[in-house]
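Trainee: Those sequence lines, one after another, are chains V and C. At position 171 of the first sequence the residue is numbered 171 (the numbering used here), and the sequence of numbers has no breaks. At position 83 of the second sequence the residue is numbered 83 (the numbering used here), and the sequence of numbers has no breaks.
To be clear, the hints were calculated from the coordinates, so they are not data collected in a lab. Keep in mind that the hints are not guaranteed to be accurate.
What the hints assert, rightly or not - Covered by chain V, according to a simulated footprint, are these stretches of chain C (three or more residues, beta-carbon under 8 Å):
| hint | region |
| --- | --- |
| 1 | 111-125 |
| 2 | 136-148 |
Said to hold, decoys possible - Below, simulated BS3-like cross-link-like pairs (lysine-lysine); rule was C-alpha separation at most 25 Å, straight line:
| hint | chain 1 | residue 1 | chain 2 | residue 2 |
| --- | --- | --- | --- | --- |
| 3 | C | Lys112 | V | Lys357 |
| 4 | C | Lys43 | C | Lys15 |
| 5 | V | Lys357 | C | Lys131 |
| 6 | C | Lys99 | V | Lys357 |
| 7 | C | Lys140 | C | Lys43 |
| 8 | C | Lys106 | C | Lys131 |
| 9 | C | Lys140 | C | Lys99 |
| 10 | V | Lys452 | C | Lys99 |
| 11 | V | Lys357 | C | Lys106 |
Fair warning: this is a prediction, and the values are worked out from it, not measured in the lab. Using N, Cα and C, we set each Cβ at its ideal position, and we do this for glycine too.
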Amino acid sequence: MTLIAFILLAVLATVGYVLNRQAAAAITADGTRLHSLKHFHGLFSLLSVLVPVLVLLCLYLALQTPIINMVTMASLPDGVLDGMGDGAQQLVLAEIRSVSQGRVFGTPEDWKIIAAERMVALYQYADIAMVTMVIILSSVILVLTRRRVTAEFRARQAAETIIHGFMIACSTVAILTTIGIILALAFEAIRFFEMVPFTDFLFGVNWEPQIPIREDQIAAEGAFGWLPVIVGTAVVATIAMLLATPIGLLTAIYLNEFAPRGLRAVVKPVLEILAGVPTVVYGFFAILVVAPALRGAGADLGIGISPNTALAAGGVMGIMLIPFISSFADDALSAVPRALRDGSLAIGATRGETMLKVQFPAAIPGIVGGVLLAVSRAIGETMIVVMAAGLMANLTINPLDSVTTVTVQIVTLLIGDTAFDNPKTLAAFALGLMLFILTLGINVLALRIVRKYREIYD
Amino acid sequence: MNDMRLTERNMTDQKIKMQARGVDVFYGDTQAIKTVDVDIQDKTVTAFIGPSGCGKSTFLRCLNRMNDTIDVCRVTGDIRLDEEDIYDPRVDPVQLRAKVGMVFQKPNPFPKSIYDNVAYGPRIHGLATNKAELDEIVEKSLRRAAIWDEAKDRLDQPGTGLSGGQQQRLCIARAVATNPEVLLMDEPCSALDPIATAQVEELIDELRERFSVVIVTHSMQQAARVSQKTAFFHLGELVEFGETSQIFTNPQDTRTESYITGRIG
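Chain V on its own, in the form it takes in the complex:
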C-alpha cells in the first residue's frame, strides 16, 4: 500500500505538470505573453503537489506504528497489564505484533489474539486512510494550482521558492545529523563521567577498562586514564605523517612540474587507485608484510621487536595517506597562476628555484589544509591499527613497542558483552567524544588556514 501511495503521488504530480503546462500553452495560443515560461507553470504545479504531500506521507509513515501500538495497548482488557513493568509491557506488545504478522509461538492467551486481530485491522484502516489522504490532498492542490495559471502569474519565482525551501531542508539534514551525533556522544559521555571523575580520565596514566559487567565475572578493578591511549594515537599518527608528508609533497612537486606528460598520465591514476584501496587491505599488508619484515630486521640487529608495533601500523598508514596528500598538494600547485611561474622563469630562475621559492610558497595554504585533513584521517583511522598496532595500552613513545589507539579501544570496548550502565562500555563514548573534539579542532584549524591565505596571489 505504501508503494501504491508513492506511485499515486508521482502520477498526480505529473498530471499537475501536464495540466498546468497545457493551460499555460492555451493562454499563449492567442498571442498573449506569459510572465513565466510554460515549463515553469508545469513545474510549479508538480512541486506544489509533490513536496507537501511527500513530507506529510513520510511523517505519516513514521508516526503510524507508534500510534497503532498505543491504541492496541490501550484497548487491552482491563487488568491484564496490572503489575507489569515497562519491559514486560514491551514484551507483550512484541508478542501481539508477531502474532499479528502470523508468527505464533506456543499458545498465546485469547486476549492477545484479539488484540493482534485488532492490530491487523488498524493497519488496514491506516493504509486506506493514507492512500485516500494522498489522493484527496494531491487533487485539491492540483485544482488550486491549476486555477492560478494566468498570464501574469509569476510561476518561475513560485517554483524557485519551493526549490529554495527544499534545498534548505536538504542542507539542514546534514547539520541535524551532526548535532544528533554530538548529542548522542555527549549524553553517554556525561553518564561515564558521573561514574569516573573527569580528571581521572584526562590525567590518568593507566588504561585497564576490563572491569566485570556481571557479578560473577572475574576481571581487573578498572582504570580509565586516557593518556596511554591518546599517546599511542599520537605516536602512530606522527609516524604516518612523517612518512606521508615528505613523500606525498615530493610526489606532487615532481608530478606537477618535472614529470614528463606520459609519466604523469600513468602515475596520477595509479595514485588514485592507491587511495581507493580499503583500509582493511592495508591492514593485511601491515601484518603480513611490514610487521614480519620489521621483526626480521630487528632480529638481525639484535633488537627484540614485538609483532605488533606502532612503526608497522604508522608506516602503512603513512603509505595510505601518500595519495591523499599528493593529490591535495598537486591541486594546490596547479592552482598557482601560471603568470607567477613565468615571471620567475623570465628572471632567470631555474624550474627548481621557481618551484621552491614561488610556486610552493604560493600553494602552502592548500597544502597545509590537505596535510591537516590527512592528520585528521590518521587520528581517526581504525582498521590498520586494530590489525597492526596491538591492544596493549602502553604509555610509551617508542615506535617499536606495541601501542593502542583511541579508535582501537572504542572498537574493543564495544565488542562482545556490553552493558550500557557500565563504565567499561560508556568509556567508549567518552573516548569517541574526545576524538571528535580533537579532529574537529584540527579540521577547523585547517579550514581557517585555507581561508585566511586563500587567493593571496591574486
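Since chain V is already given, all that's left is putting chain C on it; use the hints.
Mentor: Just chain C now, with coordinates in the frame of chain V:
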C-alpha cells in the same frame, strides 16, 4: 598625456644588440611565425605592433627562450645576442633570461614583500654578497622603475597589495634588478589605466638610457610615443620594419598603411 612626439627623436645609430634571421615558430603543426628578420639596436626602444594573434608576443618570447617552457612550441632560425646564438645547445636558457629580462602583460608580483620581489633575481643569481649590497640593488632598481618614493616606506609589505600600475612598475623593478641587457615588455600597459600607462611609458623612455627595450603593444599611439623603431607583424609575418617616424608617416607596405589608418586589425 604625451602627444605624438615623433619629431623629438634623436636617432643616433646604436650598435645591434639582438639579431634575428629566418626565425620560424611552430605550435605543434601550425606555424605561428614565418621567416622573421629583425635587428634590435642597443639603447633603443623597438615596438612590435600588429593585430591580435599576429605572432608579435610569440616572437618576443623567442628572444629570451620563454617559448621553451611550452611543450609543443618549436623555434627554428637564428637569433643572436651580441653575436652569440642564443639557441646554441651550449647556452643555458636560465643564464640567457638573466640577461634578457621580461615584463608581462598582467602585473605578476610574487606573493612576497616588495623587497623580496625585487631581491628575488639578485638572490638567485648571487649578485649581492651581503645585505647592504642587496639593499642597494633593491633601492636602485625601485628608483629606476620610478616606484621608490611610493614603496620605500612599505618594503616589507606584500607586493600584491599595490595598485595595478604600481604592481607593473614593481615587476619592471624586479626585471631590471638582475641588470639585464635587453628588456622585453609584452603589452605592459594593457591592464593599466591611462595615468599608470603614462607613468610606465615615461619610465620606458628613461630605461632606454641603459637597456635595449622591446615592447609589444596594441596601441599605435603608444608605439609612436615610446619607440624609435617599429616592426609591424601581420599573420605571423614581419611586414615592415623601420624607423617609427617613417612607419607611421610614410609606410611602404599597403598592409601597414591599412593597419595604421585603422582599416585592418
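Trainee: For each hint given before, does the structure comply? Return the numbers of the non-compliant ones in rising order.
Mentor: Violated hints: 2, 8, 10; rest satisfied.
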